[in-house]
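J.: Listed below are the residues making up each chain.
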Amino acid sequence: MVWTRRHVLSLADFSPADYDVVLQTASSFREVLSRRTKKVPTLQGQVVANLFFEPSTRTRSSFELAAKRLSADTLNFAAGTSSLSKGETILDTAKTYLAMGTDMMVIRHKEAGVPQAIAAEMDRLGVRVGVLNAGDGQHEHPSQALLDLFTICTLFDSEQPRLSLLEGKKIAIVGDILHSRVARSNIWSLTASGAEVHLAAPPTLLPRWFADYVADSDDRSAPNPRQLFVHWTLNPALENADFVMALRLQKERMTSHLLPSLREYHQQFGITRDRLKLCKPEVKVLHPGPVNRGVEISSDLMDDPQFSLISQQVTSGVAVRMALLYLMGGGKVA
Amino acid sequence: MVWTRRHVLSLADFSPADYDVVLQTASSFREVLSRRTKKVPTLQGQVVANLFFEPSTRTRSSFELAAKRLSADTLNFAAGTSSLSKGETILDTAKTYLAMGTDMMVIRHKEAGVPQAIAAEMDRLGVRVGVLNAGDGQHEHPSQALLDLFTICTLFDSEQPRLSLLEGKKIAIVGDILHSRVARSNIWSLTASGAEVHLAAPPTLLPRWFADYVADSDDRSAPNPRQLFVHWTLNPALENADFVMALRLQKERMTSHLLPSLREYHQQFGITRDRLKLCKPEVKVLHPGPVNRGVEISSDLMDDPQFSLISQQVTSGVAVRMALLYLMGGGKVA
Amino acid sequence: MVWTRRHVLSLADFSPADYDVVLQTASSFREVLSRRTKKVPTLQGQVVANLFFEPSTRTRSSFELAAKRLSADTLNFAAGTSSLSKGETILDTAKTYLAMGTDMMVIRHKEAGVPQAIAAEMDRLGVRVGVLNAGDGQHEHPSQALLDLFTICTLFDSEQPRLSLLEGKKIAIVGDILHSRVARSNIWSLTASGAEVHLAAPPTLLPRWFADYVADSDDRSAPNPRQLFVHWTLNPALENADFVMALRLQKERMTSHLLPSLREYHQQFGITRDRLKLCKPEVKVLHPGPVNRGVEISSDLMDDPQFSLISQQVTSGVAVRMALLYLMGGGKVA
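Chains as they are written, first to last, in UniProt numbering: chain V, 1 to 334; chain S, 1 to 334; chain Y, 1 to 334.
Chain V on its own, in the form it takes in the complex (with noise of 0.2 Å):
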């Protein structure tokens, strides 16, 4: 197995292959994870700096903890406080850090496309600064769908959690997809995997456009059209499903005349005890977080172990997290 990315931007060009290094690196990290000294000198004197121009708590802290226990110093960028109030570009910004001596950038944006013009112009500059797109716009999320995967993944062989452990299985995707890099990330790794993915959502939050949108990508192959179903209500999407990711519903989509109200969205959408007998018997649960308890998901099921697997992608990601940083700064591949 060999990894041969500088940076994670998108996971639309990636290869079952660099699937299979990062789950079978995070594996590795898991394990590291669970001693009582959770921490490696793997980047010692090496730099992470978070650039989150969008404000963030979760993934910021994820991606801070992992960077730490690979023993990297961090720097973290506090939009607001920036240069960019002060009328510098968002490249002037990175060469900034670039300059100070940065090994590798986690960025966040919320306009799409940021963290690919930065790592284009890394790239233009001949420097081997590594950028990881932390989240752009409604573009992609790759590093919450490599968590979502090893979680599942993990699930089946927790000892070598690999791409092809998901063939024919069944994943509805729930919730405001048009507006989800989550979701788009995800339909690339799902896809990939062979796995049957199910999008159901309300018309307002799943265009009939978008299907073809992911099928005409020239990113690459499009996913196979046996492999992708749209669906405008939920009972289709769940039944016989393995897994149910629930997508996080933004607060300005309640109040933007796209939903109706909360409540008839958690009646039409919300994932409850009672609609999972739908689904397989051992269905399992996900969702990124932050949850809005009772809209998405009802606030009993978020909390039984027996289906949530919310908990356990948080801890993946720190491990996936790890796995990223290690291979991009030049990590070998166990």
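Simulated from the structure, these hints should not be mistaken for laboratory data. Owing to the predicted nature of the structure, the values given are computational and were not obtained by experimental measurement. It is possible that some hints are incorrect.
When chains are identical, the list treats them as one kind, so a pair holds in a single copy or across two.
Below, a list of computed lysine-lysine pairs in the DSBU-like style, where the Cα atoms sit at most 35 Å apart [unchecked claim]: (1) K110 / K277; (2) K39 / K332; (3) K280 / K39; (4) K251 / K110; (5) K251 / K39; (6) K251 / K332; (7) K332 / K277.
For chain V, the structure is supplied; the task is to place chains S and Y on it using the hints.
T.: The following block gives chains S and Y in isolation, referenced to the frame of chain V:
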């Protein structure tokens, strides 16, 4: 001496042995802090999350430094940029930090009871995460009272500070008792030591029911009525006092009809060199900071090392917080 | 070579030997920064507090990285969430960080003189804490001028950068001189080197008294009048210049009647490839950043490595700040 607490939430149920363990452990860390390399590897690889839902610089820096000097990694949660504003519950935020691999949580919140609720949830989940209350509403601020206790006790025996050294001492607590979590925590520790505690404040900041509230507490046996006294004027509290603790006057109090004016407050309850003549000659003055100079304490008195312990309190704070994190992290009692 | 300064507050009283010690020490740290593990254990266990009362990302990150690469622990103080808004004085805030065990303080404040006041208080208290001025109002920004100096000197001798290398060079400083702490610090260092310094700006940003103000300074012997020149047009400053330093134009200046418009400013004082033809062929351009592209410097010139030293300045910044923290921390001069 043994330490059996996973959490430090309140001093209401602290035993004399608990106090002595903290005092003795802090004493050994104070020695570490006097070295040039003020660091020990005790908590290497462990993660301390500072979850300050209420903004704070002073206390957060003190905890952050304590954690770093024990070689822990720290995660800082900044209220305002957090998921809370995204609709997540506080318990879900705490569980997210748990799932990331946090070993200890230091929690401040403007509502009383939040650290307790989080600790109860951690216990319910059966995880070994320690929760430290860094100030919850107007309820308690145990690490502040413990650092006050440490500061006072080391005056009498710098090698072996212990609770019993305060037996029979007279300690005045002056100011906004009603709204003060610092006062509430200090009342438990100081009465437990056998000291006489005299509260002094205007009636608006020290209502008649306050003494009953303390006496009626079922958290533990009420303080001996011969140990806790309430005064609406300053002089009876100061007479022959060994220590005077001035409390911070929040700006809000000054503008909300609870006080006639700052000038009148200072005239009636401000601690001045002149008023200290009522006390024992070797009297010392404490204040949890930040101080409104010329309001709670006269400016010259605050800077007079003969009387002021304010700077020692800050220094004690780091040693006491190192001790608490160390003990909660399973460190052996010396 | 010896270093006897506890604080770095101003360059007005820097001796030639002081400059050379900083340049030589920075040179050895630049070598550390070129290694893969860019870290040395010099300040292990020491605490550097970054007290940025005025928000900053770039300078704070540079100091934070410098401290971490010396293995110091860092505390960041964020204006806004601070005790200052609670009525505490700046000196009391500094004394709180002192009492916590801070070894060095890096201070930025929008009022001139704050770092000096804090340093004076530390000296009065007889403590061995070093204070570094990271920008005080419109007064000085010594670490910026030192990194500019280092950037220029290493062009002439990368192994042994020293002040005397600039003797007889012509350096133009262009832009908002009046409000610039960067210009003020650079005037001291560059005239001390024996270079000719030519200031160019519109009269509103470079009043007639400015040259006198510098000449009359009793901080040290005034710069030789044959070394400091004032121009209200750009060309005489550029003619045969070896270096051009463009200053950042604050947005406030642009909207407060001090300038007709950005377009006119750029037309009259913007540095362009065309205008550089007046300079020496090997002329280099500096800017302290962040740059308003197309205002102070034309966008293409800024990105042209043949002329622009902007990125080297940022890199020099980390090496120079490591040198300053190292020397203030009692490090031996190489």
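J.: Taking the hints in turn, state whether each one holds.
T.: Cross-check of the supplied hints:
no., hint, result
1, K110 / K277, "neither (37 Å within a copy, 42 Å between copies)"
2, K39 / K332, "both (17 Å within a copy, 22 Å between copies)"
3, K280 / K39, "neither (38 Å within a copy, 53 Å between copies)"
4, K251 / K110, "both (16 Å within a copy, 24 Å between copies)"
5, K251 / K39, "neither (37 Å within a copy, 44 Å between copies)"
6, K251 / K332, "neither (42 Å within a copy, 48 Å between copies)"
7, K332 / K277, "neither (44 Å within a copy, 50 Å between copies)"
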